[in-house]
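If you want the building blocks of each chain, they are given just below.
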Amino acid sequence: MSQLGTPMVDPAVERRANRMMMVILAVICALLALRAVVGSSVGSGDAAVTEHGFGLVYVQESSKGFVSEQSTEKAADGTEVEVRRWKPAAPGQTPEISWTEWNEVTAGEWAAAQRARADAPASAPLVTVSWPRTAGVWFAALMTLAVLSFLWRDNPVYKLAESVVVGVSAGYWMIVATWDTLVPKLAGALLPAWTKAHLMPSLESAGVDWWGLVPLGLGMLLLCRLSARVSWLGIFPLAFVVGTFAGLRFVQNVESDLLAQVATMFEPLVVVKHQVLAGADAAVAAPIDWAGSIGASLSAVLILVGVLSVLAYFFFSLEHKGALGRTAKVGVWYLMITFGASFGFTVMGRIALLAARFEFLFDDWLWLIDPSGKH
Amino acid sequence: MSDRPNESFLARLDRIDRRWIFLMMAIAVAAPIIWVGVTGRTFPETATPAVQGAFDAIERLPEGSKVLVSFDFDPASAGELQPMATGFIHHCQLRKHRIYAMTLWAPGSPLIGATLADVIGNDPSYRYGENFVDLGYQAGNEGVMKQVGVDFPKAFPNDSKGTPLARIPMMQGITRLSDFDILISVSAGYPGGKEWVQYGVSPTLTQGHRLPFVAGSTGVQTPQMIPYYPVQMSGILGAIKGAAEYESLVNAKATAPGETVPAKYQEAQRRMAPQLFGHSLMVGLILVGNVIFFAGRRKGAAE
Amino acid sequence: MTFAVTILAQDAAPAAGSMPGWFMPGKGLLAISLIIVAAAVMLSILWARSGRPIRIRKIAGLDAVDEAVGRATEMGRPVLFIPGIQDVDNIQTVAGITILGKVAKTAAEYDAEIEVPTTRSLVMTTAREAVHASYLSAGRTDSYNPDRIYYVSDEQFAFVAYTGGLMQRKRPAACFYFGCFFAESLILAENGNSIGAIQVAGTAETTQLPFFVASCDYTLIGEEFFAASAYLSGEPDQLGTLLGQDLVKGLAWAAVLVAALLATVAAVTGHEGIASFVNGARAALGGG
Amino acid sequence: MGRNAAAVLASIVGLVMVLTAFARPLEFLGTAVVDWFNVLAAIAFVLGGANLLKMNLLKISARDAGWGYSAVTVCVFLVTIGVGLLKVGAHPDPLHPDVALSGDKEAVGGAFWWLYEYAMSPITSTLFALLAFYVASAAFRAFRAKNTAAILLLGTAFIVLLGRVYVGVLLTSWIPADNAWVSWLRLENLSGIIMAVFNNAGTRAMMIGIAIGIAATSLKILVGLDRSYLGSGD
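Chains as they are written, first to last, in our numbering: chain P, 1 to 375; chain F, 1001 to 1303; chain Y, 2001 to 2288; chain A, 3001 to 3234.
Source of the hints: derived by calculation from the structure; they are not laboratory data. Treat the hints loosely; a few may be bogus.
As the list claims (entries may be wrong) - Some chain P residues judged to face chain Y by a derived CB distance under 7 angstroms, without partners named:
hint: 1; residue: 166
hint: 2; residue: 169
hint: 3; residue: 263
hint: 4; residue: 269
hint: 5; residue: 316
hint: 6; residue: 319
Idealized CB from N, CA, C, for every residue including glycine.
Starting from the given sequences, assemble the full structure and let the hints guide the process.
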């Protein structure tokens, strides 16, 4: 790569920015230390304690044990088959398979459990700080701050968050595709018995589904891209996908957007509303609600004018002059009002998202507020 | 400091480093969160027709109705949509409806379990498989919606834990989408409410049986949904404001006057305070921007 | 009219037996509409092929594409092209890749570096085909570098994190956003704005248009985006499809007007025949 | 040759898909192809993942600027795939505890869950939240009353922004709510009218136009007029 695109950065500016970054980090660390010194009160009543840590997650131990039993069941074809069914072990029974699960509890429950264990050890289930999850909350909080730092400027902390999220999300989607698509829809179709035995015991299958060969074949052709010699075969799956979806979307869009939206226009431009009076059959004799009628009629007319003028704006083969030009101009006004409204609406959503991130920092991490009673 | 000493205050304001605007926005959102977190106060809400429509659609169904809730969102949008999902489940619980939860967004499946546990986790009258079920995620976007319309068990052969539908009592008699009494979608984009209208609800319209449909949608998606209300949709919760209005409707039904509402059912109402300050800042910025613009134009005309 | 009423009657009563058994009920009107749309587009293409001139109005953003690529070349900075964040099953992505082909051809002629990060593996593959073909037709296969068209992550915001950082570091002089976009539209466009890039966007996601309009130099709105590839190519066949789109739009325009007028007449006069036609038509079109 | 054959394939499968909407015997294909596409997209991850690794490994081996970040990406990517495939830390399905891989891959407490909950989810939602800042700076810069169109854009945004919060309700609370002739002027009602009338009309017309645009683009693919997605084919 040439020096194309390397940013022109003044080294002095860079040094000053790095110094500033160090100062900001130091301030954040000092504030965190202060937060720890102040501490917070967790639990209630007798069990209340002052906790100097924060951003902690507490978990409770829960043991699971299972026993199996053999039974004979009738298969679909009428033959009797031996099946092994598992169920949770009853108290006192020795489980064949067992493991421990850890369920999240609140700080209050933790404090109460500490108190209870002090009174009667061994009777209560273990409640403790979960270090992996606590580390998780801290990691999440630091990554949140790292992303926010991008608003200041591109910096090493942001780059770290960026590289983490690219790696983890690419992997995440591949795993989701594997377990949610490849296993049930490909392995489950072509190798049902093996899939059921090793990967998806709940798979219900009537046997091999040969249709599964179609995507497998397309996939193999696609992977030809990896070799230069047969790479050209890779365009066939692309042609297949683009072709099928062109056909599907053609029908869908005409049906659900073109025709259905035209159908919504079967609304009268003159609306007469009657005042709502008490009593069920009063509507017949009720006087006309002039404000409501005029408002509703005006709305209907404005909607019609809007749809027609915006459509006029989209004509390509006619110059926007004369009557069409004026109509198209009204269309542009409608579009601008639509965009303005859309913008206004969206602001609300974006602020809510930011609020949720701040709530995470203040609530889960710093324990400054506690709207949901977690700590 | 300034390299253009003769520049007027407004002209300098026009060239303001956008990071000052960022800082103002951060304060406008963060400060009210702390304030509300400490005082616990929220603003009163009155329901708009689309929200009231959504509330009424769920309210009017008889007890034990079958409600399909699609959690079509991911944690990135949870700030806006989680209060809606919580509100819908809470309302269904109050009305004792049967809840069928599903998602078409892969990252949405953990949210189903968390929401159900949060709202009906401690309710003994809600038994898994009888009153509520978590059908989990199904890949295929609108393909699943179409499949659900003709053959529900084919689209969802088992629940999120892998239990076949035949072994779940409340799934008896569910063969297609129109067997449900109402469809609720909480959606952050594609696939979501719009696709549910196109591929789920519209086909039931041409079949002559109208499936009531209620959607919760992000602020950005809401304008796109408006053309479908009230014909294809019975109600829409638009953005956090819609969620706050819906919350207050459900809370008014759930709690007697004077009783305190659990904090988890006021999430959206709490978030209206940062909204207020954030919006005020935006309005102020637009005003200042235009003052600068007109002052600049007058100066340009005078010179 | 009688014909239309018959169709409507069949659609309103799915049990009507005049259609063959394999034909899905309630789809008659849709089939006719599809045939009309296809015929309008096909006839317009034939019209254009016969050599008759087709005038197309100016679409502001598209004239800026060449200028933007030229400026990037002068400044020695890359051109960034993002074909949306959806997969190739979305027609917007395909339309975006067609435009990418045109932009890449200009870039190849000017010898500008073009960078295409994608969110889907299939989009990466398809975009490489399109760009390669453009470099080939510009006679510059030697400058084609497939590594500049690459996959980042399927996750929307991981892609945004990467692309935002890329913009701050590589400072592209021209940014093109053509495809299906969601919330990332404003993050990308504001970052592009902050580095002073010329930005042209086009999408059919109506919810994102306000942000592109606010932050980009030019924005192609909805249908204009689909017209762009035809406009850029200037080939008669392609321009013919635009004429076909206009014919269909003209029909839709008239249908909207007639629908509103009929409904008004039905409401004002209370004429039962018209009212039942209005209701039948609305139901058959899928309006409930 | 290959390119022409591929274009013919696209046309044929496309026309079959059009028929699936009308012909009962073909109906199943309409949903089946969506499944096939998903499987194909899943297989295509091999290409995407290989490309991601290649690009980053090249950077690392060349010691390009920022190669350390590439190393982080590669490590995190491989770890995510590893723990996700093996379902590390996720317990089996209680109905089948003997099948080790039968559990929920995203079970709370598992390693894959940890990565999702504490790495992917907070970073992506914070990136999303950056929009709150960008809407502010975009509004300040772009919403200037330069002409009629701009005035309408910013005026509408202004009304909707105010009408959706308590301040707007307070500002026009002096307008009587029970007088239908004037009550529509209250900001919260005005923003409702804008949504129901102007936004409704604009969105409807755009939807009609987009449907026509998509139909024309699809047709171009079906008749083989648009082949750029197939490249040169040589």
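Each hint, compared with the structure:
For residue 166 (chain P), the shortest C-beta to C-beta distance to chain Y is roughly 5 angstroms, which falls under 7 angstroms, so the interface hint holds. A hinted interface residue such as residue 169 (chain P) counts as satisfied when its beta carbon comes closer than 7 angstroms to some beta carbon of chain Y; here the least separation is about 3 angstroms, so the hint holds. Because the smallest distance between the Cβ of residue 263 (chain P) and any Cβ of chain Y comes to about 3 angstroms, under 7 angstroms, the interface hint for this residue holds. With a cut of 7 angstroms, the hint placing residue 269 (chain P) at the interface with chain Y holds, because the nearest CB-to-CB distance is about 4 angstroms.
Proximity of residue 316 (chain P) to chain Y holds as hinted, the smallest CB-CB distance being about 5 angstroms (cut-off 7 angstroms). At about 5 angstroms, the closest approach between the beta carbon of residue 319 (chain P) and any beta carbon in chain Y falls short of 7 angstroms, and the interface hint on this residue holds.
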